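Visitor: Now for the letters of each chain:
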Amino acid sequence: MQVNDTNKEFRPLIVAFCCNWCSYAGADLAGSSRLSYPADVKIIRVPCSCRVNPMFILRAFQRGADGVIIAGCHPGDCHYTSGNYFARRRMTLLFSMLDYLGIERERTRVEWISAAEGAKFSATMNEFAETISRLGENRRLEDLRCKE
Amino acid sequence: MTVNEKELAERVIEISGVNTRKCMKCGKCSGTCPSYDEMEYHPHQFVSMVEKGQIKKLMESKSLWTCLSCFACIERCPRSVEPAKLIEAVRLCVIRQQGANHMKACSVPDSIDENMPQQAIVSAFRKYSK
Amino acid sequence: MQRIGVFVCWCGSNIAGTVDVEKVASSVAGEPGVVFTTNYQYMCSEGGQGMIRRAIKEHGLTGIVVCSCSPRMHEATFRKTAQAAGLNPYMVEIANIREQCSWIHKDKDEGTEKAVILAKAAIAKLNLNKPLTAGESNVTKRALVIGGGIAGIQTALDIADAGYEVDIVEKSPTIGGRMAQLDKTFPTLDCAACILTPKMVDAAASDKINLYTYSEVEAVSGFVGNFKVKIKKKPRYVNSELCSGCGVCTEKCPSRKAPNEFNMGLNNRGAIYIPFAQAIPNVPVIDPEQCIKLKTGKCGLCEKNCTAKAIDFTQKEEIIEREYGAIVAATGYRPISLENFDEFGYAHNKDVITSLELERLMNAAGPTKGVLLRPSDGEHPHEIVFIQCVGSRDTSGCGKPYCSKICCMYTAKHAMMIRDKYPDTKVHVFYIDVRTPGKNFDEFYRRAVEEYGVDYIKGMVGKVAEKDGKLLVQGSDLISNEQVHIEADLVVLAAAIEPDPSVRNIATMLTASIDTNNFLTEAHPKLRPVESPTAGVFLSGVCQGPKDIPETVAQASAAAAKVIGLLSKDKLTGNPCVAHSDELLCNGCSQCACVCPYGAIDYIDKEVNDHGKREVRRIASVNEAVCQGCGACTVTCPSGAMDLKGFTTRQIMAEVDAICR
Amino acid sequence: MSKMYKISKERLDELYAAVSAVKSLYLPVRSGENQSEFKKWSDQSDVCLDSLNTVKSAKELFFPQSENLISFKVSGKDIELVEDRDPSEPFVLFGVRACDAKSFSILDSVFLSDPVDTFYKSRRENGTVVTLACRAPEETCFCGTFGIDASDPAGGDVKTWLTDTELYWEAVSEKGEELTKLLTGILSEADADADTKAVDDLKKNTKEILARLPLADLKLDYFSGDRLNEKLNDVFYAPQWQELYKSCLGCGTCTFVCPTCQCYDIRDFDTGHGIKRFRCWDSCMYSDFTKMAHGNPRTSQLERFRQRFMHKLVYYPANNGGEYSCVGCGRCLAKCPVSMNIVKVIKAFGGEKA
Amino acid sequence: MQRINDDVLNKCRDLIENGTCDRVLAWEEGEFCYDVTPAVFTGDTLGKMIYDDFCAANQSKYLIDESHKEGRIAALLKPCDTYSFNQLLKENRIKRENVYVLGVPCDGKIDAEKARGLGIKGILGAEIDGDTVAFETIYGKKTCSKKDVLHEKCLSCKGKKHMIFDELTDPEKEPETAVPENGTSRFDGVSKLENMTAEERFRFWRGELSRCIRCNACRNVCPACSCRQCVFDNPASGVSSKANTNDFEENLYHIIRAFHVAGRCTDCGECTRVCPENIPLHLLNRKFIKDINELYGEYQAGYDTALDAPLTSYTKQDAEPGIVHERGVR
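Residue numbers (my numbering), protein chains in the order written: chain A, 289 to 436; chain B, 36 to 165; chain C, 44 to 704; chain D, 6 to 359; chain E, 17 to 346.
Careful: at least some of the hints might be erroneous.
What the hints assert, rightly or not - Think about it this way: if two alpha-carbon atoms lie no more than 30 Å apart in a straight line, the pair counts; the simulated BS3-like pairs of lysine-lysine are:
| hint | chain 1 | residue 1 | chain 2 | residue 2 |
| --- | --- | --- | --- | --- |
| 1 | D | Lys212 | E | Lys158 |
| 2 | D | Lys209 | E | Lys85 |
| 3 | C | Lys295 | C | Lys271 |
| 4 | C | Lys656 | E | Lys137 |
| 5 | E | Lys27 | D | Lys251 |
| 6 | D | Lys44 | D | Lys212 |
| 7 | B | Lys57 | C | Lys506 |
| 8 | C | Lys448 | A | Lys408 |
Since the hints were made in silico from the structure, they are not lab data.
All values derive from a computational prediction rather than experimental measurement.
Hey, can you work out the whole structure from these sequences and the hints?
Guide: Following this line, the structure appears as structure tokens:
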């Protein structure tokens, strides 16, 4: 299996949780501006970055994601006033914990992308996908049962 | 444009790190240039010529050596295009083509005159120390 | 088990060009719950919607997945379609295979593969959807307009005209805004005051419009239809009821040190002042920073001279609380600070001025009574240089990356007016591009060149230096390929404009988003240009982006129309995607209430039946009219009692699972 | 009685290597500070034969904490059944104490009686059990209460005794003889007199200690055979439970370290491509224990707590000729977070010799 | 050996006799010196009540249920238990009026398992004299230093001051402020791990967490894990699972558990004390506490019920999640 793998180019699986008001709209703007980013990035729409439960992130890794990114409104611009501030604390602590457990810190990320930042959305996703490609397959937080 | 010249243009872009496409052709660089009248090609033309790949013309021009490296054009450019870096890069191309520096770093102090801008001295050291 | 129909839209070639729509439809046919799949050229068209309605009926569908453009575009459309066919509108999920797939991926296989996955995620989510019903809330039939410039005035007038109460909150002592400072307006050259002041008077006279001048918005809470706003009324120290507006006080005031804001600091005003003759309300205001009485307790000349006994030094700041159904932001703009542009010497040379300062110098009511004189020595300038794009289109960090839009036209106006009034004056305009898209705009600019002989130089000025009372302007003329040197008497800079800085605070209070340049973001750049993404908040004028007067007025009226549409409703249907607490799982720990931005969570003691065990428990209860559905509470809740309808934990995890499969 | 062999303590690694060469060898290996678990031997293993109780008991080798039963592959709307039980291979389980060895027979009567649990059965058949006599029992030991002789462990295929210098080896079953045959090159024949005496001394010494243990007097008269059925209701409704259960946290520690607890749950895991059906240890302490479609038959922690001890001391013996499903290993005494354990229960029902 | 101080016992008797309380939450003796069990006593059974250096359990969680019963219960709470009690009050889980908190002093609690680790086997009884513990065992008398056999949670004691009480049994012993007993920081263990490479940390945690038998003792003993139904027991949560069928489940369980108690964990150390596999679970919770202290300012759950909890509050200047990537790159 390993041998076959080396022939095939590694394509990471990236789950992006995007808040409905800023980052999802930013992704739409990237789309309408035709600013491409890898198809490996799959977006899940959530109302706010504060809706992202750490369980979702771990679930994504369990099911075979190689990277998870949470994108929300810029601090201060949250549609719900304060959601991203809570998300910021939660994700900071969660990422720190993952790092503490020796899980590659680069696999998780939070970015603030406004509805006007289509270019930033695209650039961020390109860069993140590249980082994850370089890291290779998620091995430390995988569930082999899901990979067959 | 010959193939060779295309490569040259690429090299200039690479050395300088300048994105000539950012230029909006406002001419502020030339508006601010203190040695404008000494040049047959002016800073804004440098940008446009590099963009068009006319490097050889530039390399042969007197303008290349009349630039004071005062960086006024870099300072003033509203789009951060940095024409002086292009001039510097084209100069390097000339030097590399000659195969060697026509001057050594140690001989720079001898050539310094009072009116020479600081940047030019620093730039000379940087250039000839390579 | 759901009976799901999947409808794949081609969007002409927008989707079908990079995504094999037939393959998407066939690939998801085996997904759990899917009983029907199809594809069609334009799903949002009447034909496409009809197809959906028919399929719902024919196949007994319980939910539909539409693979099309962004849900931000047509989710509402397809929800209506589903509703028309008897489905609950929340049994619709959209797979965004255009903005987030076909438009960004070039390879058709790749695009198709991703579209299939996105469709599968939507199906997985839909399998867990439940019909949702929205709650209803009342609408307070009153609007708030923040900003009393031409944008705010026009919006208020239009709303009042439709019969609704409207309040204008203006932070300065008078309404009128920037337009009041202008002399003439392009391209017709009619006088700004002549067309603005009647509107100001109308606003003041309307019994539906209430003006809060010299006031600021302090806090905003609530939601569409039910905003609660605190307005801070700063003390004028003049009783508006008693004041006759005679102006004697302003003449008697001994303090003359304050720069006159209305005249862009070109002259000074008293501590008690009326910004300009036609100010509304025509009531002076005392500047506490300048007033000798307020600072030292001595003086009081104004009080002594006021026959109406209107001066009241005991006035205090007042907080007014009002309820509104809709809020319009019309916070306007200001010219940017030119501190970063020392090449033009604005800071240290009095004869280098901004265009707005020139407006005041040309205005009959201005500091020079309309005679064009140099600020430095009061002489007539004979040679004037205009420099365009100062700080506009600037990505170097000193200025703004955008085009300020109005500068080309007002510069042409200024040049023309000077040449008209003082034909012996030489006028040069340095320009990068001359942008004149607008009715009669280019004709106007050409007249400046052709009829008035304004010297337009294609190029930018690199340096302005002072020498012997003259301004040495060095710039490039790109057409003649030479460096030009002009000895000018006056240099006028067309400074970029930026949103008024108060907008940041207001945006935060309104939870309206702003872009990187601090312009308020519209709900959709093309289709909803006068609405903010926050329901019930609308945008009017330059706070949304640079625009000239006719555009501002047009947008102001458009915003008013939106407000009128909202206020005309008796009930608003809420967002059914709200938080909900499972009473059997709730610990009553109060953590969710701590993170709720709307105070939507209360705790109640309720008897619950936990598998036969009846007991009274303290549990969370969500006010569905107040909850906006952010979901902050759901993550704070450790037991998972709190969930968000429409975005349940199970639904999102199902999407994750489908994507990662 | 079969022949006794011996090997010097220093050469035990050679013995492990020789066994490993033919079969997988599981034995107590250090798994943290002051604790050990049965693990597969490798030359890196830190074997600790002097540890009395491994944290989890030896039952895990026959009845693992979780194991795959079957898989369902889903493609479109078709479901395919895939047998993916973990393969069982021949193995040797070395260093099993008398209590754990006894637990196998308790598990056997559950899993090997009709309907036979084939997963358990194949592991049981594949496993050769080498027991190890105790030398230094702990205060928590009360195997004697269940008639177990820690100095001469029964229930295995080979018995061993470890003195300060030698390991003595005696096959007691056909499987044991087979294993011994494979090791003839390593094991040497024991001396009839001196070595027998050494083993007898060890046994005697251990027995002496066992007699002095604080729980040596623990008796199960209250739960004894012929009175069980008539007493069942008395025990079930006894007021003692009202107090005993109160401190119980409802965790599964006692059941998971217990060598005789045999309850399991069967769960499905959705992999995204299909279902993996596995079974895992269950605990009667858990709120979802034996939960069925209608709900849970034991809704309170009292009922669940009582269930565990009723099973060990009443239901099991009532169905298995008076044999209790406890072997007195003392793991629950050492591990319960609140020190509530079977001894306290037995004593609450008067389980001490008068 | 007398296993309860007369003052404490008399106090409890008084409380019952004068009608302040109708029962007492304390400990009951077991078979040996160390196997004490939390128990509720009435006037009739007070004679069986004990409190000594082996009574380590955090009693506050029992008060969730006890305080919702009729009557009023006196609870013997050690200084560290009072943090948990406060936290539970903050979360409205305890009916304050039904509990009479009797603050008892604590000199550190002894872990029999640590004694076994020192080779002290067959423990029957113990005599404590200052810093020396003399164990009576099957294999004779053995002595050791008390600090060598203290529970991990006592080695990182937050101080001997009660955060809340209705009465102290020994007011003279009560310090003015809570001063950590041990000279070293309780975050040393976390720092040590932080200074390892990611690879080393990964190996370390795999080694520890792979031993987890998912007995739920850590969760069930934890005063912060007081949910009526845990997500891991709730099939509707989508993450429930009964067994650590693989590495992922082990990680998931412990990460989510630590996250759910982040900002609420008082660092009472019960998780580590009860783990049958001796997994140093406190290192997970303490990591969150350390991060919270460093990023959002010192915060001790259970110290003051009026303070905003770190995960239900924020400041606009909070660190960005990228700080995890920036600091201590290894």
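Visitor: Now look at each hint and say whether the structure bears it out.
Guide: Now for the hints, and whether the structure bears them out:
Taking the CA atoms of Lys212 (chain D) and Lys158 (chain E), the gap is near 22 Å; set against the 30 Å cutoff, the hint holds. This hinted pair does not check out: Lys209 (chain D) and Lys85 (chain E) have alpha carbons roughly 55 Å apart, beyond 30 Å. At most 30 Å may separate the alpha-carbon atoms for a hinted pair to count; Lys295 (chain C) and Lys271 (chain C) exceed this at roughly 42 Å. A C-alpha spacing of about 47 Å is found between Lys656 (chain C) and Lys137 (chain E), which places the hinted pair above 30 Å, so the restraint is violated.
Of the supplied pair hints, the one linking Lys27 (chain E) and Lys251 (chain D) holds, its CA atoms being roughly 24 Å apart against a limit of 30 Å. Straight-line distance between C-alpha atoms of Lys44 (chain D) and Lys212 (chain D) comes to about 29 Å, which keeps the hinted pair within the 30 Å bound. Note on Lys57 (chain B) and Lys506 (chain C): the hinted pairing holds, with a Cα-Cα distance of about 22 Å set against a maximum of 30 Å. Taking the CA atoms of Lys448 (chain C) and Lys408 (chain A), the gap is about 25 Å. The hint holds against a cut of 30 Å.
Going through the hint list in order, the structure does not satisfy hints 2, 3 and 4.
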